[in-house]
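Residue numbers (my numbering), protein chains in the order written: chain U, 4 to 371; chain F, 62 to 237; chain Y, 55 to 221.
For the record, the hints were derived by calculation from the structure and aren't laboratory data.
Any given hint could be a false lead.
[Said to hold, decoys possible] In the EDC-like style, the derived pairs of lysine to aspartate or glutamate whose C-alpha atoms are separated by at most 16 Å in a straight line are:
id, chain 1, residue 1, chain 2, residue 2
1, U, K206, U, E189
2, F, K152, F, E172
3, F, K102, U, D44
4, F, K216, F, E173
5, F, K152, F, E188
6, U, K144, Y, D130
7, F, K94, U, D44
8, F, K216, F, D177
9, F, K152, F, D162
10, F, K169, F, E193
11, F, K91, U, D44
12, F, K200, F, D113
Only a predicted model underlies this, so the values are computations on that prediction, with no experimental measurement involved.
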Amino acid sequence: MDYFLITTSLLKIAAILFLVILPMVSYSVYAERRVSAFIQDRRGPNRVGPAGLFQPIADMFKLLLKEDFTPANVNTFYYWLAPCLAMMPAIITIAVVPFGSTLFGVPMVIADINVGILYVFAIASLGVYGIVLAGWASNSKYPFLGGVRSSSQMISYELSLGLAVIPIFLLVGNLRLTSVVRYQIEHGWMIAPFVGDWLNPWKWLLAFPMIISFVVFAIAIFAETNRLPFDLPEAEQELAGGYHTEYSSMKFALFFLGEYAAMITGSAVIVTLFFGGWHLPLPSWHGGFHWALVDGSAPGWRGVVGGLFNIATFFAKVAVLLFFFIWVRFTLPRFRYDQLMRLGWLFFFEIALVNIFIAAIILAYVPS
Amino acid sequence: MAVTVSRPRLNWRERMYLPAIVAGLAITLKHFKNMLLGRTKVTMQYPEEKWDSHLPDHYRGAPALVRDSDGRVRCVACQLCEFICPPRAIKIIPGEIPSTDQFAKVEKYPEEFDIDMIRCIFCGMCEEVCPEQAIYLRKDYAITGFTRADMVHHKEKLLEIGGVMHGVVLKWNEKK
Amino acid sequence: MSPLLFWPFALLMLMFGVAVVINRNPVASALSLVVSFLGLAALFMSLDAYFIGIIQVLVYAGAVMVLFLFIIMLLDLRAEEGRQVNWLALIGGIAVALALLAQILYVIHNLKSAHQAFPPLARSTFDDVRNVGLLLFGSYNLPFQIIGVLVLVATIGVVLLSRREPR
Chain U
4 MDYFLITTSL
14 LKIAAILFLV
24 ILPMVSYSVY
34 AERRVSAFIQ
44 DRRGPNRVGP
54 AGLFQPIADM
64 FKLLLKEDFT
74 PANVNTFYYW
84 LAPCLAMMPA
94 IITIAVVPFG
104 STLFGVPMVI
114 ADINVGILYV
124 FAIASLGVYG
134 IVLAGWASNS
144 KYPFLGGVRS
154 SSQMISYELS
164 LGLAVIPIFL
174 LVGNLRLTSV
184 VRYQIEHGWM
194 IAPFVGDWLN
204 PWKWLLAFPM
214 IISFVVFAIA
224 IFAETNRLPF
234 DLPEAEQELA
244 GGYHTEYSSM
254 KFALFFLGEY
264 AAMITGSAVI
274 VTLFFGGWHL
284 PLPSWHGGFH
294 WALVDGSAPG
304 WRGVVGGLFN
314 IATFFAKVAV
324 LLFFFIWVRF
334 TLPRFRYDQL
344 MRLGWLFFFE
354 IALVNIFIAA
364 IILAYVPS
Chain F
62 MAVTVSRPRL
72 NWRERMYLPA
82 IVAGLAITLK
92 HFKNMLLGRT
102 KVTMQYPEEK
112 WDSHLPDHYR
122 GAPALVRDSD
132 GRVRCVACQL
142 CEFICPPRAI
152 KIIPGEIPST
162 DQFAKVEKYP
172 EEFDIDMIRC
182 IFCGMCEEVC
192 PEQAIYLRKD
202 YAITGFTRAD
212 MVHHKEKLLE
222 IGGVMHGVVL
232 KWNEKK
Chain Y
55 MSPLLFWPFA
65 LLMLMFGVAV
75 VINRNPVASA
85 LSLVVSFLGL
95 AALFMSLDAY
105 FIGIIQVLVY
115 AGAVMVLFLF
125 IIMLLDLRAE
135 EGRQVNWLAL
145 IGGIAVALAL
155 LAQILYVIHN
165 LKSAHQAFPP
175 LARSTFDDVR
185 NVGLLLFGSY
195 NLPFQIIGVL
205 VLVATIGVVL
215 LSRREPR
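Hey, can you work out the whole structure from these sequences and the hints?
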């Protein structure tokens, strides 16, 4: 038994979950309300604490103290199971995402498995069960429609999600997410290769399919996480809240927070795949201009600071993407259902397929 | 007659949809930025900023009973307001003024005068119908309470809101 | 592989496999099948076959069963719940299952290599994703391409069948 590995893994799980992900989830709710208010020329929640910063705590108390109502004629077991299934996949996906370099010599990834990205897709695809079950177990029209919409939407967009990342792995030659980050440190970020061998024009040519990949992947993540403009399973105006219409109190909160957890995981995966993960090059002028790499490998306190800096960089990037999610939500109207399906099957699917060929052709002729 | 609305033909740039998305994002970002820099005028932040000094003279707030300059409650418990009140928010129990009193000739006074502020619709009919100019709609608008009972204004509360009304006709003084 | 992990997952798989058969509610059956698949994936992973395990989850638990569930919910199969148990079919089914089990046990019993402890598997220098890829696109390239054409034919057939006749 490797006790060191088990102990550090447990510590990492506890730290990342309770110190980072859960606070981030509750504060992304706050950010959503605040940013949406600013976009709509309002002030947003600014009462609880300085600038409303304690609002998530107040929300939590409100949700905990509300009556937990189970309607008659619901299928009780599945009605209770669904919120758990909605929350869990979003959180366990984060296990394979490298969120930092090393800290005290321990790699900052919970499970560095060699099928990293497939694990992300596999667990994300299980997320649909929570929604489908909620819709079905509620025994009510609108939630049911929401659940049905959700399952077909998720299956449609998983295809483009999976195909969009293939060019990256053609380039990296490995499904491990840590090697994707390692590659980006050596050869520049996927969509902006300005570090490493950035003078090589082929690198910039390769960035083209990467940008297409990024656009398709990001849009598919929007659809996977049920965010506007693809929030058809919820669709307040037509489905009265969709799959969580019949839920109240903490069960509703699990759906609500699960959506944000899925957003955070989606952003983390995008950051890892396209934006260099925890890597942030700092310009340095020691003996001519070059990019200096900061990570946790330096000895003593400099290594610790470097490791913490990497973790902060990663979550700062995630936060920027979360802002983008919110920004898009309050800009675009919702797609119609047939438009959504057509977009997924006739447009993004084909683009992702063609993109694989483009990337493969460029790679075949790259003089490396 | 059925009208066929011809849809405009989109050129390839419009059909790509992306320029429109970017333009939309730019608009929302502009609003966000202006708000951050404090350039946007936003609605009044109520408990800190109040509109009280801008209230017009004819503002219809909470109804209240007034005293005249002699300190007498002007209401004579005629119950006209009770009858006119559309939501029936007013309840009056009249009492008799003893003959030894200075204003014995008024004969009646309100022993109890309740206005249920949950029911009151601030229409001002009570003020309009009052023959004694005893009930007025004042400028109080923030009327709150934790229970339904809290929301009923009794006579003391009404007199406290109303205060003293100067410069109205004094119909019950010694000359009459 | 640690037996500490093998037994719980094997038991989980078998229990939910039985639940698939005995559940009267089709949705419950489908979900039991999903859990069973997850147990199977865990067994694959404990054999260091991460790729197969993950694909098991991704394709079967994540996509195929979602479609199953989708159809079951749309059809709203309530007739299944009130159906009487056909005792003859039940006994027959159990007998067939037991016969199969007996056959398997007999074969394993007579297999020589089953009686000796396996030497530990050689650790591959590549990871298993690369192994699967090399095999698939190397030695089994032609069958792979043929399967691809087969799937394409099936797809075209479905599109053709589900196309609405022009009025």
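Q) So which hints don't hold here, by number, going up? A) 9
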